[in-house]
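Student: Spelled out from the first residue to the last, the chains are:
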Amino acid sequence: MKIKPIGERILVKIQEGEEKTASGIIIPQTAQEKTQEGIVIAVGDDESIKVKVNDRIMYDKYAGTALKIDGVEHLILKMTDILAIIE
Amino acid sequence: MKIKPIGERILVKIQEGEEKTASGIIIPQTAQEKTQEGIVIAVGDDESIKVKVNDRIMYDKYAGTALKIDGVEHLILKMTDILAIIE
Amino acid sequence: MKIKPIGERILVKIQEGEEKTASGIIIPQTAQEKTQEGIVIAVGDDESIKVKVNDRIMYDKYAGTALKIDGVEHLILKMTDILAIIE
Amino acid sequence: MKIKPIGERILVKIQEGEEKTASGIIIPQTAQEKTQEGIVIAVGDDESIKVKVNDRIMYDKYAGTALKIDGVEHLILKMTDILAIIE
Amino acid sequence: MKIKPIGERILVKIQEGEEKTASGIIIPQTAQEKTQEGIVIAVGDDESIKVKVNDRIMYDKYAGTALKIDGVEHLILKMTDILAIIE
Amino acid sequence: MKIKPIGERILVKIQEGEEKTASGIIIPQTAQEKTQEGIVIAVGDDESIKVKVNDRIMYDKYAGTALKIDGVEHLILKMTDILAIIE
Amino acid sequence: MKIKPIGERILVKIQEGEEKTASGIIIPQTAQEKTQEGIVIAVGDDESIKVKVNDRIMYDKYAGTALKIDGVEHLILKMTDILAIIE
Numbered sequence: 000m001k002i003k004p005i006g007e008r009i010l011v012k013i014q015e016g017e018e019k020t021a022s023g024i025i026i027p028q029t030a031q032e033k034t035q036e037g038i039v040i041a042v043g044d045d046e047s048i049k050v051k052v053n054d055r056i057m058y059d060k061y062a063g064t065a066l067k068i069d070g071v072e073h074l075i076l077k078m079t080d081i082l083a084i085i086e
Numbered sequence: 000m001k002i003k004p005i006g007e008r009i010l011v012k013i014q015e016g017e018e019k020t021a022s023g024i025i026i027p028q029t030a031q032e033k034t035q036e037g038i039v040i041a042v043g044d045d046e047s048i049k050v051k052v053n054d055r056i057m058y059d060k061y062a063g064t065a066l067k068i069d070g071v072e073h074l075i076l077k078m079t080d081i082l083a084i085i086e
Numbered sequence: 000m001k002i003k004p005i006g007e008r009i010l011v012k013i014q015e016g017e018e019k020t021a022s023g024i025i026i027p028q029t030a031q032e033k034t035q036e037g038i039v040i041a042v043g044d045d046e047s048i049k050v051k052v053n054d055r056i057m058y059d060k061y062a063g064t065a066l067k068i069d070g071v072e073h074l075i076l077k078m079t080d081i082l083a084i085i086e
Numbered sequence: 000m001k002i003k004p005i006g007e008r009i010l011v012k013i014q015e016g017e018e019k020t021a022s023g024i025i026i027p028q029t030a031q032e033k034t035q036e037g038i039v040i041a042v043g044d045d046e047s048i049k050v051k052v053n054d055r056i057m058y059d060k061y062a063g064t065a066l067k068i069d070g071v072e073h074l075i076l077k078m079t080d081i082l083a084i085i086e
Numbered sequence: 000m001k002i003k004p005i006g007e008r009i010l011v012k013i014q015e016g017e018e019k020t021a022s023g024i025i026i027p028q029t030a031q032e033k034t035q036e037g038i039v040i041a042v043g044d045d046e047s048i049k050v051k052v053n054d055r056i057m058y059d060k061y062a063g064t065a066l067k068i069d070g071v072e073h074l075i076l077k078m079t080d081i082l083a084i085i086e
Numbered sequence: 000m001k002i003k004p005i006g007e008r009i010l011v012k013i014q015e016g017e018e019k020t021a022s023g024i025i026i027p028q029t030a031q032e033k034t035q036e037g038i039v040i041a042v043g044d045d046e047s048i049k050v051k052v053n054d055r056i057m058y059d060k061y062a063g064t065a066l067k068i069d070g071v072e073h074l075i076l077k078m079t080d081i082l083a084i085i086e
Numbered sequence: 000m001k002i003k004p005i006g007e008r009i010l011v012k013i014q015e016g017e018e019k020t021a022s023g024i025i026i027p028q029t030a031q032e033k034t035q036e037g038i039v040i041a042v043g044d045d046e047s048i049k050v051k052v053n054d055r056i057m058y059d060k061y062a063g064t065a066l067k068i069d070g071v072e073h074l075i076l077k078m079t080d081i082l083a084i085i086e
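Those protein sequence lines, which keep their order, are chains A, B, C, D, E, F and G.
Under numbering that gives the first Met the number 0, residues 0 to 86 are what the first sequence spells out, in order.
Under numbering that gives the first Met the number 0, residues 0 to 86 are what the second sequence spells out, in order.
Under numbering that gives the first Met the number 0, residues 0 to 86 are what the third sequence spells out, in order.
Under numbering that gives the first Met the number 0, residues 0 to 86 are what the fourth sequence spells out, in order.
Under numbering that gives the first Met the number 0, residues 0 to 86 are what the fifth sequence spells out, in order.
Under numbering that gives the first Met the number 0, residues 0 to 86 are what the sixth sequence spells out, in order.
Under numbering that gives the first Met the number 0, residues 0 to 86 are what the seventh sequence spells out, in order.
Simulated from the structure, these hints should not be mistaken for lab results.
Check before you lean on any hint, since a few could be wrong.
To be verified - Residues on chain G that point at chain A, a partial pick, calculated with CB under 10 Å: (1) Ile-2; (2) Ile-38; (3) Ala-41.
Backbone N, C-alpha and C define an ideal beta-carbon position, used for all residues, glycine too.
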């Protein structure tokens, strides 16, 4: 079974906890916090897509629609919700 | 009798309950849940249409307009309400 | 006397009650119901028009502006309010 | 003295009362009523203009800006406020 | 000293009181009144400008930004705020 | 040190008090006042820019973002906030 | 580890306190204050990008999404949030 995002949409596995520390980026754990990290799992075929599978990305925390795959939290985001790639 | 969606619209039969488990995707059953699965029954003729009859799709739960055909719940969605194809 | 809709507008005679049952489509009679059937009486001359006189159509229940012709309820809709053609 | 509407604007004399009955169209006199009839008095020079002087038209009741000419109620409408021509 | 409106802007001297009666147009003096007359004093250089200096115009009463020149009330309007020319 | 506005932005020194009287334009000192004068200090490089350094301009009073340079009040405006040039 | 902003986005290190005094620009420390200074750390590859790494910039104080890198406050801004370059 595979999920194929439509157009400019992107399927992302949410990264939380220790992994963030590993990347050296600390997302502020306050009411003002607004970004979150994830791993790209699948992408649509729109030409606006500028990330690829396995990219580690930052996205706007309040963006996207949530779903669980085999019990693991994922998001379907639009390309415009993605702020940066972490290399 | 046949329903022919106009333009970028799509007629979808809503999938609920066990079928979702079968696909391995568990849509979270909470207040935050936002996606739902369906089967494409008919599509409009707009060039933006990127799904075809019998595709299993995920769509934004609050999108579309509801109708019943022979007692079964369906939705008329726009192409932009469709998040992903499940293969 | 004839009503000629302007541009992308469409004059529709509202269909209610038994007629809906005849087509096999039951519009749910609840607070959530959102679609309704009608018969196209006249159309504007915009190129976006994709229905023709006598087409049986489904439209968004809350769309359009109401008027009565010889005591019968009609609506003037825009092409974008029309969801599907029922064949 | 003459009023020349600008661009896509149209000057309309509001028709009320018996005249509506004459045309066979009864605009429902309820809280839901939304259309009204008028006679085109002058039009702007925009290419979107699709009515001409003396056309009897239906327009969205809440559209336009009101003025009185020699004590008679008129409206300046935009072309997009006009729903249909009554022939 | 001269005021040169920018782009699609227009400088207008507000006309009030007896002058309106002279033109034969009575703007209703009620809470619903929405149009007002003025004289064009200067215009911007945008191609959308379709009035010229000394034109007597009608404009949407709540449009524009107010200023006084030598104690006289003026407005800077946009071309889209102007409803009609009074000839 | 120099401030270079980006794109369609403009740096303006706010003019207040006696200088306004000198220009013959009295901005009404009431709750309804909406325009204010300034001197253009620097401009962006967008093609929409139609003012130049040292132009005396009128702008919408509530537009722009405020900053102080050596204790003097300035604003960064967009070209669309500028209403007129005072010659 | 490196952060690569997407498209028209820009990573900025927030400048506060004495540094502002050094540039001669005093951002008013009041409820009305609206601009803030920063240093460009990384930029996206969109053609609208008109700043480069190490540029000292002014941006709208309420724009962007906050993150910390090695304990230091940064922002991801869009090009349209940047008001001026300070040279």
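Student: Determine for every hint whether it applies to the structure shown.
Tutor: Do the hints match the structure? See the list:
A hinted interface residue such as G/Ile-2 counts as satisfied when its beta carbon comes closer than 10 Å to some beta carbon of chain A; here the least separation is about 5 Å, so the hint holds. Taken as an interface hint, G/Ile-38 does not check out: its beta carbon lies about 17 Å from the nearest beta carbon of chain A, beyond 10 Å. The interface hint given for G/Ala-41 holds, since its Cβ lies 8 Å from the closest Cβ of chain A, which is under the 10 Å cut-off.
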